[in-house]
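Whole structure, please, built from the sequences with the hints as guidance.
Residue numbers (the working numbering), protein chains in the order written: chain A, 1 to 356; chain B, 1 to 356.
Do not rely on the hints blindly, as some may be mistaken.
Since the list gives no way to pick one copy over another, a pair counts as held whenever it fits inside one copy or between any two copies.
[What the hints assert, rightly or not] The list that follows gives simulated cross-link-like pairs (lysine to aspartate or glutamate, EDC-like), each with its CA atoms no further than 20 angstroms apart:
{"hint": "1", "residue 1": "Lys351", "residue 2": "Asp268"}
{"hint": "2", "residue 1": "Lys308", "residue 2": "Asp226"}
{"hint": "3", "residue 1": "Lys103", "residue 2": "Glu72"}
{"hint": "4", "residue 1": "Lys351", "residue 2": "Glu57"}
{"hint": "5", "residue 1": "Lys166", "residue 2": "Glu72"}
{"hint": "6", "residue 1": "Lys270", "residue 2": "Asp298"}
{"hint": "7", "residue 1": "Lys191", "residue 2": "Asp42"}
{"hint": "8", "residue 1": "Lys294", "residue 2": "Glu273"}
{"hint": "9", "residue 1": "Lys58", "residue 2": "Asp226"}
{"hint": "10", "residue 1": "Lys308", "residue 2": "Asp204"}
{"hint": "11", "residue 1": "Lys206", "residue 2": "Glu311"}
{"hint": "12", "residue 1": "Lys191", "residue 2": "Asp321"}
{"hint": "13", "residue 1": "Lys95", "residue 2": "Glu129"}
What the hints contain is simulated information worked out from the structure, not anything from laboratory work.
Number of protein chains: 2
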Amino acid sequence: MTVTADRLLEFTKAILKSIGCSDTDASQGAEILVSADLRGVDSHGVARLSGYLRLYEKGRLNPTPNIQITHETPSTAVVDGDAGLGLVVGPHAMKIALDKADKVGTGWVAVKNSNHYGIAGYHAMMALERDCIGISLTNASPLVSPTFSKERLLGTNPIAVAIPAKDQPPFVLDMATTTAANGKLEVLQRKNEDAPFGWLADSDGKVITDAHGLKKGGSMLPLGGDRIHGSHKGYGLGALVDILSAVLPGANYGPWVPPFVSFIDPIDEKVGEGLGHFFGAMRIDAFRPADEFKSHMDNWISRFRSAKTTEGHERVLIPGDPEREFTEKRKKEGLQLLPTVVEDLKTLGDKFGVEL
Amino acid sequence: MTVTADRLLEFTKAILKSIGCSDTDASQGAEILVSADLRGVDSHGVARLSGYLRLYEKGRLNPTPNIQITHETPSTAVVDGDAGLGLVVGPHAMKIALDKADKVGTGWVAVKNSNHYGIAGYHAMMALERDCIGISLTNASPLVSPTFSKERLLGTNPIAVAIPAKDQPPFVLDMATTTAANGKLEVLQRKNEDAPFGWLADSDGKVITDAHGLKKGGSMLPLGGDRIHGSHKGYGLGALVDILSAVLPGANYGPWVPPFVSFIDPIDEKVGEGLGHFFGAMRIDAFRPADEFKSHMDNWISRFRSAKTTEGHERVLIPGDPEREFTEKRKKEGLQLLPTVVEDLKTLGDKFGVEL
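Following this line, the structure appears as structure tokens:
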């Protein structure tokens, strides 16, 4: 089924309103989910809508949160998300970071008591129009085993950084700290195809290619895959994201992170509140004139984009290129939803009296 | 040859003084180099001393720099290193970041016109005694090819982050954004052993195992190794380090970074001044009470350290564990220098009248 982004926005907004979200919050939530579909990160788009609804039904999601700063300094804040949608709490916190950057050069906001916030890149990219560098981190359901371990202790804990350029499109890095994002695995699962060696381990920690391995107690592997190829670095980065997003504000961390995915049972023990995020904003002109910086970014991007390629490849990509190209194409041609996603959305629509 | 750390400190300091460094600067420089040897990062220790001296002899290193802030806001600064030793410029800039954190919660300092600053982790760890999280990034000689490219456009561009704990030792991540650090490659070169598949490519971009491949025009590969295992993420992280360390303050970036290694010729074209670093300091209690945070860090560390291991491994490591254990051992047993390093140091000693 092919739908326009506008139609999907409208539908998603209506569903979020029907569980009690305000008009503004529902718009914001819908915008992030649909932006994921537009950017080609289908796993984090409307396909996740029913997952958020399940959290609401379990009483784990507050549709009318009172999001508050609980502690702050001129350049920092801790935000309590009041168990709201991460899709709403995230942009709220990122705005605080940007306002602090306006005043003292940079702003850094750690968030507790939140839920899944969609694609990390969305929040980082909010900085671009204000000539800031944006940073967005979050922890997530434990699915990843550290190097030398067979326990799922970390989420795919993404790192997103958006950096403005002048005539070139911005540099937008948005990466899971695992070998492969969970979304890519989901694609293989749907097609019943094998996963490449180095993505997954079974419950004994042996590397496997069964794309359904996670459901059988297996785990995802940190970026690097194995020790000899630097998996301790991917593990270290995922750990860093966990600590900044959760130990710093007082959210749950590591294996205590409340799971989003339905095949992991939540545990009773808590070490903090909800899950956590970490946002940063750095005003370019707190370092050098923005125009000068952006001209050099153009030069950086042009040089890398025109680098000599290896055989079989036409060009070198800049972080953000694939997602931007997806967006251009999908804005023009509409979004193709998989039959399972359409069915899922229709079920939601029937339940809340919203037509897809 | 086995020497004590103190003896090596004294020797290194004397050599640095003999090229005109002040007593304080020579002490600081020696401390960073020897700390690398203590931490087991031999490639970045006194083995590099003659490399710094060569830079001095070529007129690329100013032994008496006038290090200055050229622009600042309450939470940021740009520092001009005046072509000084990175080993001196780095700590100077990190102190500015820490002082800003004292005042407004966080401090962020980007540095231009510097030289190689030793191990990234040293600078990040300066934050620990002040109950801050420390961040240290630097760009470096172009040795790494981006995904799909065969050109050397990035350095091994490390990311170091130090986070204090309470009774547990601190969390110290210090990683190159490549599959393997250059130092590990140097070890294989000395032993004439092959490099693992996934570390290196030849000048056509084909993956090779010849550990001497770099000298033949090859390149190192970004963390992830190849596209299917996430090399675009390692490339993205290396690019991020390059942009924050150099495009932000106005240093040379990408292929324009002045090379430290002797087998790459410097280019005449410049896009900035010297090479660049980026430092960050975040005061823990700008987010939550330091004691509370550090207790949770202890809990985080204990949980991960006691995680169930895969077959053949006794324990799960925390970032910083191997380097700390090296330090304990080497402080007790002394430092074993390789014959080539001893020879190198003796040549330096003879030249400047300093006995090893």
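Structure-based check of all given hints:
In this assembly of identical chains, Lys351 and Asp268 lie within 20 angstroms of each other by CA distance neither inside one copy nor across copies; the values are 30 angstroms within and 68 angstroms between. For the identical chains of this complex, Lys308 and Asp226 are inter-copy neighbours only, at 17 angstroms across copies versus 29 angstroms inside a copy, given an alpha-carbon limit of 20 angstroms. In this assembly of identical chains, the alpha carbons of Lys103 and Glu72 lie at most 20 angstroms apart whether taken from the same copy (14 angstroms) or from different copies (13 angstroms). With identical chains, the CA atoms of Lys351 and Glu57 are at most 20 angstroms apart within one copy only, with a shortest distance of 13 angstroms there and 77 angstroms across copies.
Proximity of Lys166 and Glu72 under a CA criterion of 20 angstroms is satisfied in neither setting, with 33 angstroms inside one chain copy and 23 angstroms between copies. Taking identical chains as interchangeable, the C-alpha atoms of Lys270 and Asp298 lie at most 20 angstroms apart only when they sit on different chains, with a minimum of 16 angstroms there against 47 angstroms within one chain. With identical chains, the CA atoms of Lys191 and Asp42 are at most 20 angstroms apart within one copy only, with a shortest distance of 15 angstroms there and 48 angstroms across copies. In the homo-oligomer, the alpha carbons of Lys294 and Glu273 lie at most 20 angstroms apart only across protomers (17 angstroms), although the nearest pairing inside one protomer, at 39 angstroms, exceeds that limit.
Taking CA atoms no more than 20 angstroms apart as the test, Lys58 paired with Asp226 passes in neither setting, with 37 angstroms inside one copy and 41 angstroms between copies. When the C-alpha separation of Lys308 and Asp204 is checked against a cutoff of 20 angstroms, the pair qualifies only between copies, where the shortest distance is 10 angstroms, while the shortest distance within a copy is 42 angstroms. In this homomeric assembly, Lys206 and Glu311 come within 20 angstroms of each other (Cα to Cα) only across copies, at 9 angstroms, whereas the closest approach inside a single copy is 33 angstroms. For the homomeric pair Lys191 and Asp321, neither the shortest alpha-carbon distance inside one copy (26 angstroms) nor that between copies (42 angstroms) is at most 20 angstroms.
For the identical chains of this complex, Lys95 and Glu129 are intra-copy neighbours only, at 12 angstroms inside a copy versus 32 angstroms across copies, given an alpha-carbon limit of 20 angstroms.
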